[in-house]
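Protein chains: 2
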Amino acid sequence: MTESRHIEVLKHILGDKGLVTEVSDMVAYETGARYDQGRAAFIARPVSTAEVSAVVAYCVKNGIALVPQSGNTGLVSGSTPDGSGQQGVLSLDRLTAPYELDRVSRTVKAGAGLRLSDLNTKLEKSGLFFPIDLGADPRLGGMVATNTGGSRFLRYGDVRRNTLGLTVVLADEAGTVLDLSSALRKNNTGIDWKQVFIGTSGAFGIVTECVLNLEPAPRQTATALLVPASPDQVPDLLVAMEDALGSYLSAFEGMSGNAVRAALDHVPSLRNPFQNGAVPDFVILVEISRSSASREGEQPLDAVLEEVLGAIWERDDAPLADAFVGPPHEIWALRHALSEGVKHMGRLIAFDLSFRRGDIMRFLERMKLEMPQAFPDITICDFGHIGDGGVHFNLVVAKDDVRMTDPHFEHALREWVFTVAVEDFGGSFSAEHALGRKNQDFYDKYTPQEIRRLAAGLKAMTSPAQLGTVDF
Amino acid sequence: MTESRHIEVLKHILGDKGLVTEVSDMVAYETGARYDQGRAAFIARPVSTAEVSAVVAYCVKNGIALVPQSGNTGLVSGSTPDGSGQQGVLSLDRLTAPYELDRVSRTVKAGAGLRLSDLNTKLEKSGLFFPIDLGADPRLGGMVATNTGGSRFLRYGDVRRNTLGLTVVLADEAGTVLDLSSALRKNNTGIDWKQVFIGTSGAFGIVTECVLNLEPAPRQTATALLVPASPDQVPDLLVAMEDALGSYLSAFEGMSGNAVRAALDHVPSLRNPFQNGAVPDFVILVEISRSSASREGEQPLDAVLEEVLGAIWERDDAPLADAFVGPPHEIWALRHALSEGVKHMGRLIAFDLSFRRGDIMRFLERMKLEMPQAFPDITICDFGHIGDGGVHFNLVVAKDDVRMTDPHFEHALREWVFTVAVEDFGGSFSAEHALGRKNQDFYDKYTPQEIRRLAAGLKAMTSPAQLGTVDF
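Chain order of the listed sequences is A and B. Here the first sequence is numbered in full-length UniProt numbering, starting from 1 and rising by one per residue. Here the second sequence is numbered in full-length UniProt numbering, starting from 1 and rising by one per residue.
I should point out that these hints are in silico values taken from the structure, not numbers from a laboratory. The structure displayed is predicted, hence computed values, not measured ones. Heads up, a few of these hints could be off.
Identical chains blur together in the list; that is why a pair holds if it fits in one copy or across any two.
Stated by the list, open to error - As a list, the in silico EDC-like pairs of lysine to aspartate or glutamate whose alpha-carbon atoms are at most 20 Å apart:
(1) 109 - 215
(2) 11 - 173
(3) 343 - 265
(4) 109 - 192
(5) 125 - 243
(6) 445 - 410
So that you can see chain A by itself, here it is in the shape it has in the complex (with noise of 0.2 Å):
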């Protein structure tokens, strides 16, 4: 069978539209949100879990290795064909259905290629959303694949908490569909299937529909940038946070002042809310919230978080150096800015770590000190989230630095961000960005062999043709 046979078989289960072979209409599924240029043999959008689940039987039974696409807004090379030209690539961007919303239970069954910013936008006349609040725009189903966490976790916790039901459609000859699609909160009837498929990048199986949580939508909100006194004070502040406001706060970010100021040079119309202008080595942003609607009589919610903050500020150790309480358009305006922001200061080399509460400002600070004796000229620019422990580890060199043109560069810096991360603070390599081929390397030197035998059995059993970009 010739390769036009193939196309020929694919057009007749997708129709016209769901196939796309044109070299030109395949660019934007060939290139990655910031890294990765692949290339396709065609790129398949089917629209349903039937089409899927024949577009998968064909491929496997006909040896041609698909990738799964959601959103395409991933930063680990999970989502997009190597350079071969002989990967397909299946888009969900056309399964958007069915959308079934269930008001009483508080869920929705949505289609795998939703997007976010869609889903909470249908959502709005409800009172409801499906709190994951993220700086890209991601599709469901990727958002499962890697099981996104977000600025909120804090208080929603990630796509994993959220989930209630997946379908599924695992890569074997059948093109087998998993319905997985429950929408009980409590069901212990054996192992919860649908775990596998979560923050797992597609290799087990492809997501085409969840059936998520949803929470009652915030309906009063305050924030504050908040200026450590030392970063060995920030654990005592998060826990005087917590224990003053319990599950009012909503979000507590960590942003350090080189990511800060880089977000105010790249958007000019961000206001610089610190006195003078001096951006502080390190900012926190604090968020309450309130999902009830204010009643006569209840103190403002900035009142709330100005009082909480000057007992705080009035205690003898106070870990408080400064504090701005603001507006939340503004203040969330700059958070969201920073990606971007260092994305332009130079060649940008991203970390999506994690560690236990207590150890993130331990782990930057020991960064500071021997980063410039290991890589000199290097800019650290992380920010992250310190109530949930993940930190993006932005390092950015000059656009004109040689280095970048060895290619053991950037490898051996990760391995050295990696070896102090992982082995001597515990930390994970990926918190939530997932795998892809990007870190694959770190997959296979950090995972115990227990758990590989473990993972690869799962995987012939499942799925055991080749998908996605990761080899479990």
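Position chain B relative to chain A; hints supplied.
Here is chain B on its own, set in the frame of chain A:
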């Protein structure tokens, strides 16, 4: 090798205190919390993961079946030996170490033999708690194996949501120890293997240590009993409460009039909170709570609750017929007495069902209508967790009912209830009690062939030897 040789080796591994073989000392371990009377070959009581591993390895090599037992508070025959006298019980009751609190990370690493109440007592000073609220007092390993939910699921979720890491011993010839004891909140570097051991009744491995998420303990609470205007307005009432209160709402429990009357009859010290003592057909317990410290000028929670109920009451289509705000300890005392009260009404046939939240009352109404025809002279004494869809659907027959001497009667009744609950309503036949000998038949009946194949494969890969009372 004779049996006494086995006993000798196990004694060598575990020490004298670690192995129980006296018939009189074994009874407590052979007897279930509500059902079951088995006969054990021995009771092994290891104090460490290493001892568990050694015992398991020896037993697997010598073909001795083990039943892991934690607090032995389960209701599905998941933790007691069968009647053969050939199975050993592996009790976690001495495996209470370690206990390592990480205040900043809000996590604790604890031995699987620690009791829930002991954990929360130890935590009191820290202001944190492990937020699973149950009538029973299980040990942690069993809570993981059944993925218990309880009365505050609505706010805090189940054991799965609150488990960050596990240490597990597999039933293979090596007694392999899987170290999944990460304390990270975000970590997506492959399959989240701990999920396989949560809610699967110990069949895939024995949990010996847990790393758990802790939450700020509630410091303000208000409760009320609500009488819905009609059963079909209960969902409306739930939505109205969530809409007004957001994440303040920490419990929304349903109680049938029959169950409430049984509790009031059985525990004379309980106050009857209803006007003229007339217990309504159906009552809802709501709790709102805050983990934040109360601040000056802040409205007390009782007043918040009264205000919200007042606003619902004044609606033209008010879903509320009556409401009684009362002290939390009194109202929870009534709620927690339901289980004991119902047990004393006669012979109890208990179901642990779950539904989508909007289906619960429809299911209960249908049962009320059809049960008298299908199975006369049965009293329905349900109560449960409407906020998360769980229903403890209790059926009571008279103590001297001759039908109970017919071994097929109970099974026929179960089949009939499950047919409606699972097939007609898409519900679960085990919401939070997980699986055991008692509901094996229904696992076999309701688990799709494809899922059974995967489960059997995973069983062979992890713990190929028999472990526990469920056949996956």
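**Request:** Give the relationship of residue 11 and residue 173 under a CA distance limit of 20 Å: within one copy only, between copies only, both, or neither.
**Result:** within (19 Å within a copy, 52 Å between copies)
**Item:** Copy assignment of residue 109 with residue 215, given that the CA separation must stay at most 20 Å
**Value:** within (14 Å within a copy, 30 Å between copies)
**Message:** Reference check for the pair residue 445 and residue 410, CA-CA at most 20 Å: within, between, both, or neither?
**Reply:** within (17 Å within a copy, 54 Å between copies)
**Identical-chain pair category, residue 343 with residue 265, by Cα at 20 Å** = Classified as within; 12 Å inside a copy, 70 Å across copies.
**Request:** Using 20 Å as the alpha carbon limit, work out where residue 109 and residue 192 are close: within a copy, between copies, both or neither.
**Result:** within (18 Å within a copy, 24 Å between copies)
**Prompt:** Between residue 125 and residue 243, at a C-alpha cutoff of 20 Å, which is it: within one copy, between copies, both, or neither?
**Reply:** This pair counts as between: shortest inter-copy Cα distance 13 Å, intra-copy 34 Å.
The structure fails none of the hints (numbered hints given earlier).
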